[in-house]
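Residue numbering for the sequence shown is 8 to 617, as defined by the working numbering.
Read the hints as simulated data drawn from the structure, not as lab findings. A couple of the hints might just be wrong.
Estimated spans, in silico, between C-beta atoms of each pair [unchecked claim]: (1) Gly78 to Asp549: 47 to 55 Å; (2) Ile580 to His51: 26 to 34 Å; (3) Asn519 to Val116: 33 to 41 Å; (4) Lys367 to Leu551: 49 to 57 Å; (5) Arg598 to Leu487: 53 to 61 Å; (6) Lys416 to Arg525: 51 to 59 Å; (7) Arg525 to Arg583: 43 to 51 Å; (8) Arg202 to Glu406: 38 to 46 Å; (9) Arg525 to Thr118: 34 to 42 Å; (10) Ile204 to Pro250: 20 to 28 Å; (11) Arg199 to Leu487: 14 to 22 Å; (12) Ser375 to Ser178: 56 to 64 Å; (13) Ala599 to Glu253: 31 to 39 Å.
Straight-line alpha carbon distances no greater than 27 Å define the calculated DSSO-like cross-link-like pairs of lysine-lysine that follow [what the hints assert, rightly or not]: (14) Lys107 to Lys53; (15) Lys412 to Lys367; (16) Lys130 to Lys107; (17) Lys425 to Lys278; (18) Lys396 to Lys416; (19) Lys287 to Lys130; (20) Lys249 to Lys104; (21) Lys287 to Lys261; (22) Lys389 to Lys367; (23) Lys392 to Lys422; (24) Lys367 to Lys416; (25) Lys353 to Lys422; (26) Lys425 to Lys412; (27) Lys412 to Lys278; (28) Lys278 to Lys422; (29) Lys425 to Lys249; (30) Lys287 to Lys396; (31) Lys249 to Lys389; (32) Lys412 to Lys422; (33) Lys416 to Lys232; (34) Lys107 to Lys287; (35) Lys486 to Lys287; (36) Lys261 to Lys107; (37) Lys53 to Lys30; (38) Lys53 to Lys584; (39) Lys232 to Lys422; (40) Lys232 to Lys412.
Glycine included, every Cβ here is placed at the ideal spot set by N, Cα and C.
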Amino acid sequence: MSLADERRGRDFIPDVVQRELLKRLDAGYRKVSERDSTLLPLPHEKAPQPTIYKHGFPSAVLSLDAAYLAGGEFTDHVRITASWVVDFLKTMLGPYKMYKMMTDQRGLVITSNSLSLAMRHVKIINPLAQILLGAGLSLEREYGDHSVYASLLAALVVRNCSELLARGYVSRADCLSAVSEALRIAGEAVDRLSREITPSPHLEETLIRRAKSWVSPAHAEKAAKITREILGHITPSHTAAKPIRELIDFRTVKSSSISDSVLVDGVAYPKELPHPEITKTIRGARVAILLGGLVMPQKVGRSLRISHEWGEPGEMARGHVARRALLINYAREILESGANVVVVEKGVDEAVFPTFIENKAMIIRRFSPPEVRSLAEATGAKPTKAFNKISREDLGYAEVVESRKIVNKEWVFFKGCKNRHQLTVILASPDERGLMDFEEKIKSATTYIHAVRGSPRFVPGGGAAEEEISRALTEYALKLPSRVQLALIWIAGAFEELISFLAQNAGADPINTLTTIRREHERGRTTHGFNADSQEVSDTWDALIIDHSQTKKTAIENALTAAYTILRLDAGIRGRKLSEQEYYYLKRTRRAEERKKEMRRDYGLETLEI
Numbered sequence: 008m009s010l011a012d013e014r015r016g017r018d019f020i021p022d023v024v025q026r027e028l029l030k031r032l033d034a035g036y037r038k039v040s041e042r043d044s045t046l047l048p049l050p051h052e053k054a055p056q057p058t059i060y061k062h063g064f065p066s067a068v069l070s071l072d073a074a075y076l077a078g079g080e081f082t083d084h085v086r087i088t089a090s091w092v093v094d095f096l097k098t099m100l101g102p103y104k105m106y107k108m109m110t111d112q113r114g115l116v117i118t119s120n121s122l123s124l125a126m127r128h129v130k131i132i133n134p135l136a137q138i139l140l141g142a143g144l145s146l147e148r149e150y151g152d153h154s155v156y157a158s159l160l161a162a163l164v165v166r167n168c169s170e171l172l173a174r175g176y177v178s179r180a181d182c183l184s185a186v187s188e189a190l191r192i193a194g195e196a197v198d199r200l201s202r203e204i205t206p207s208p209h210l211e212e213t214l215i216r217r218a219k220s221w222v223s224p225a226h227a228e229k230a231a232k233i234t235r236e237i238l239g240h241i242t243p244s245h246t247a248a249k250p251i252r253e254l255i256d257f258r259t260v261k262s263s264s265i266s267d268s269v270l271v272d273g274v275a276y277p278k279e280l281p282h283p284e285i286t287k288t289i290r291g292a293r294v295a296i297l298l299g300g301l302v303m304p305q306k307v308g309r310s311l312r313i314s315h316e317w318g319e320p321g322e323m324a325r326g327h328v329a330r331r332a333l334l335i336n337y338a339r340e341i342l343e344s345g346a347n348v349v350v351v352e353k354g355v356d357e358a359v360f361p362t363f364i365e366n367k368a369m370i371i372r373r374f375s376p377p378e379v380r381s382l383a384e385a386t387g388a389k390p391t392k393a394f395n396k397i398s399r400e401d402l403g404y405a406e407v408v409e410s411r412k413i414v415n416k417e418w419v420f421f422k423g424c425k426n427r428h429q430l431t432v433i434l435a436s437p438d439e440r441g442l443m444d445f446e447e448k449i450k451s452a453t454t455y456i457h458a459v460r461g462s463p464r465f466v467p468g469g470g471a472a473e474e475e476i477s478r479a480l481t482e483y484a485l486k487l488p489s490r491v492q493l494a495l496i497w498i499a500g501a502f503e504e505l506i507s508f509l510a511q512n513a514g515a516d517p518i519n520t521l522t523t524i525r526r527e528h529e530r531g532r533t534t535h536g537f538n539a540d541s542q543e544v545s546d547t548w549d550a551l552i553i554d555h556s557q558t559k560k561t562a563i564e565n566a567l568t569a570a571y572t573i574l575r576l577d578a579g580i581r582g583r584k585l586s587e588q589e590y591y592y593l594k595r596t597r598r599a600e601e602r603k604k605e606m607r608r609d610y611g612l613e614t615l616e617i
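My request is simple: use the sequences and hints to build the entire structure.
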């Protein structure tokens with residue numbers, strides 16, 4: 008059925024121009040089918056609908072079902088979106104942040120208060136919300152903290168400014184000027200408040216405990232220990248090659264206690280040695296990686312299979328012996344190249360086991376392609392197809408390769424690899440759903456402490472820095488004669504709302520907390536903020552309730568930049584989302600066109616019309 012037939016089936020009576028259009032569509036489909044039948048939609052597909060033309064002119068400027076939002080309608084859309092982001096994030100702020108429950112496509116239930124983990128399993132389709140949440144996600148990857156803070160602040164600023172725009176109190180230019188001034192004033196306030204503190208294990212553990220909310224003290228203690236061990240193995244040369252989050256490979260096992268978690272200086276794989284007498288520990292390992300299986304091939308090339316016809320009983324035995332001899336000779340050639348650890352991508356014939364046992368070498372089998380790539384990158388080994396000659400230059404190196412049992416499961420560790428830029432953390436926990444949250448928090452804690460060691464300057468926490476920024480914005484706003492003054496005051500209110508959310512999540516009264524902090528700062532006590540543990544307003548420096556200065560400054564910069572980007576928009580165009588049938592049609596036809604271009608290029612037919 009053509010698109011024209013489909014349109015006729017709808018509940019409408021076409022006029023003369025539309026009937027002419029349907030006739031042309033029929034003719035167009037016939038022409039396409041004569042030239043290339045692959046461009047016709049399959050039974051489960053549908054070609055996207057074209058824009059209707061009348062009297063030679065388009066009846067709509069935009070495509071069908073597209074929406075154009077401008078003026079007050081678009082401002083309301085921005086305000087509603089920002090308000091939703093505020094409601095979504097405000098309970099995820101502070102040390103007593105709440106959890107979100109998510110269900111992924113496989114039905115796995117995940118509970119976490121990590122913004123980055125939540126966004127990996129929940130797709131945000133609103134472009135404005137993507138900008139607001141992106142302000143925090145980028146911060147999480149670089150600094151490991153203040154991701155919720157940045158996105159929440161951006162949403163508060165956008166919501167407050169949109170409210171002023173909707174009421175007609177200010178213009179869009181006034182809001183943009185206010186955001187630019189707020190970015191400058193907030194940066195100066197953070198620099199004025201920041202102090203340098205010498206890093207120490209006690210300070211780092213305190214920061215980890217306060218920056219992340221843990222299920223129990225045992226989780227916090229184990230996370231702090233793993234974080235220190237990770238940072239003890241990472242050098243500036245490692246982080247220059249890769250981001251710190253990409254240097255760590257997390258593996259999970261189910262265990263009765265999280266104390267069974269271990270850190271491996273290298274790579275680790277859940278593999279069992281194929282024979283109990285094979286050496287379990289190799290020092291000074293020279294690693295060979297074989298692609299394919301270490302077994303006699305059953306086919307030659309792509310399709311020619313080998314068949315055997317045994318004429319007499321002795322021939323079968325002699326053929327079996329010859330086959331074993333070939334495998335043993337190849338195994339000896341591998342060992343003669345200097346290899347003492349052989350990693351095989353697929354299966355291994357048991358005939359070679361005695362050779363490895365006799366030479367006190369290790370052989371490991373059944374590695375997936377991603378595991379082969381990661382091991383080759385770590386050890387420097389060059390993967391070689393099985394039964395090809397291996398030279399000493401193809402071998403990789405690891406200080407120790409050992410087989411160990413972790414929580415009743417066999418693992419193979421490659422420690423001290425040639426390329427020392429990969430670590431493996433094996434996380435153990437009785438709750439498999441909580442392991443994802445624990446893993447994400449360790450990544451964030453490691454990134455955060457790494458940033459702290461690089462620049463050990465801090466500002467008072469508990470809302471003390473936010474109150475000083477709010478006071479500085481208000482004082483500057485009162486000096487301005489224009490309506491930018493009003494926008495700045497409302498932006499200052501966004502910083503104070505963060506203090507209210509912080510107190511509310513800890514179970515304290517947000518109004519009393521905010522007024523108390525205001526009173527203390529009016530008296531010149533700029534380091535006084537809310538202590539969530541004691542539920543009181545006190546000196547946060549004495550209680551080590553502090554925030555990393557550069558992280559705080561970057562979070563404010565990201566938030567106000569995202570807010571500025573959204574406030575510059577005065578209209579939005581929402582295009583029609585393709586149906587599943589239309590999506591499959593476009594995907595298939597585009598892939599077909601790409602294949603044709605490749606064939607033209609490969610055969611030198613770029614100028615030939617097809």
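Taking the hints in turn, this is what the structure says about them:
At roughly 52 Å, the beta-carbon separation of Gly78 and Asp549 lies within the given 47 to 55 Å, and the hint holds. For the hinted restraint 26 to 34 Å between Ile580 and His51, the CB-CB distance of approximately 30 Å keeps it satisfied. The hint said 33 to 41 Å for the Cβ distance between Asn519 and Val116, and at roughly 37 Å that hint holds. For the pair Lys367 and Leu551, the supplied restraint of 49 to 57 Å holds, since their beta-carbon distance comes to about 53 Å.
Distance hint check for Arg598 and Leu487: the Cβ-Cβ separation is about 58 Å, which falls inside the suggested range of 53 to 61 Å. The hinted window of 51 to 59 Å between Lys416 and Arg525 holds, with their beta carbons roughly 56 Å apart. With their beta carbons about 50 Å apart, Arg525 and Arg583 fall inside the hinted range of 43 to 51 Å. Taking 38 to 46 Å as the suggested C-beta distance range, the pair Arg202 and Glu406 conforms, at roughly 42 Å.
The supplied range of 34 to 42 Å is met by Arg525 and Thr118, whose beta-carbon atoms lie about 36 Å from each other. Checked against the hint of 20 to 28 Å, the pair Ile204 and Pro250 passes, with Cβ atoms roughly 25 Å apart. Checking the proposed 14 to 22 Å range against Arg199 and Leu487 shows it holds: the Cβ atoms sit about 21 Å from each other. Our hint of 56 to 64 Å for Ser375 and Ser178 holds, since their Cβ atoms are close to 59 Å apart.
At about 36 Å, the beta-carbon gap between Ala599 and Glu253 stays in the expected band of 31 to 39 Å. The suggested pairing of Lys107 with Lys53 is violated, with an alpha-carbon distance near 38 Å, which exceeds 27 Å. About 20 Å separates the Cα atoms of Lys412 and Lys367, which keeps this hinted pair within 27 Å; it holds. Taking the CA atoms of Lys130 and Lys107, the gap is near 14 Å; set against the 27 Å cutoff, the hint holds.
About 21 Å separates the Cα atoms of Lys425 and Lys278, which keeps this hinted pair within 27 Å; it holds. With a C-alpha separation of about 34 Å, the suggested pair Lys396 and Lys416 falls outside the 27 Å cut-off, and the hint is violated. This hinted pair does not check out: Lys287 and Lys130 have alpha carbons roughly 45 Å apart, beyond 27 Å. Taking the CA atoms of Lys249 and Lys104, the gap is near 31 Å; set against the 27 Å cutoff, the hint is violated.
Of the supplied pair hints, the one linking Lys287 and Lys261 holds, its CA atoms being roughly 24 Å apart against a limit of 27 Å. Proximity of Lys389 to Lys367 is assessed by CA-CA distance (about 22 Å); at most 27 Å being required, the pair is judged to hold. Distance restraint check for Lys392 and Lys422: the Cα-Cα separation of roughly 25 Å lies within the 27 Å cut-off, and the hinted pair is therefore satisfied. Between the alpha carbons of Lys367 and Lys416 the distance comes to roughly 23 Å, so the proposed pair stays at or under 27 Å and holds.
Restraint check for Lys353 and Lys422: the C-alpha separation of about 23 Å stays at or below 27 Å, so the hint holds. For the hint pairing Lys425 with Lys412, the CA-to-CA distance comes to about 24 Å; that is within 27 Å, so the pair holds. About 10 Å separates the Cα atoms of Lys412 and Lys278, which keeps this hinted pair within 27 Å; it holds. A distance of roughly 15 Å separates the Cα atoms of Lys278 and Lys422; the hinted pair therefore holds under the 27 Å criterion.
For the hint linking Lys425 to Lys249, the alpha-carbon distance of about 16 Å falls within 27 Å, and the restraint holds. A hinted pair counts as satisfied when its Cα atoms are at most 27 Å apart, and Lys287 with Lys396 qualifies at roughly 26 Å. Annotation: proposed proximity of Lys249 to Lys389 holds, straight-line Cα distance about 21 Å (limit 27 Å). Between Lys412 and Lys422 the CA atoms are separated by roughly 15 Å; this keeps the pair inside 27 Å, and the hint holds.
With a C-alpha separation of about 23 Å, the suggested pair Lys416 and Lys232 falls inside the 27 Å cut-off, and the hint holds. With a C-alpha separation of about 44 Å, the suggested pair Lys107 and Lys287 falls outside the 27 Å cut-off, and the hint is violated. Using a Cα cut-off of 27 Å, the hinted pair Lys486 and Lys287 is violated, with the two alpha carbons roughly 75 Å apart. The hinted pair formed by Lys261 and Lys107 meets the criterion: a straight-line CA distance of about 23 Å does not exceed 27 Å.
Of the pairs offered as hints, the one joining Lys53 and Lys30 holds, with about 18 Å between alpha carbons and a cut-off of 27 Å not exceeded. A distance of roughly 14 Å separates the Cα atoms of Lys53 and Lys584; the hinted pair therefore holds under the 27 Å criterion. In summary, the hint linking Lys232 to Lys422 is supported, as the alpha carbons are separated by about 19 Å, within the 27 Å threshold. For the hint linking Lys232 to Lys412, the alpha-carbon distance of about 21 Å falls within 27 Å, and the restraint holds.
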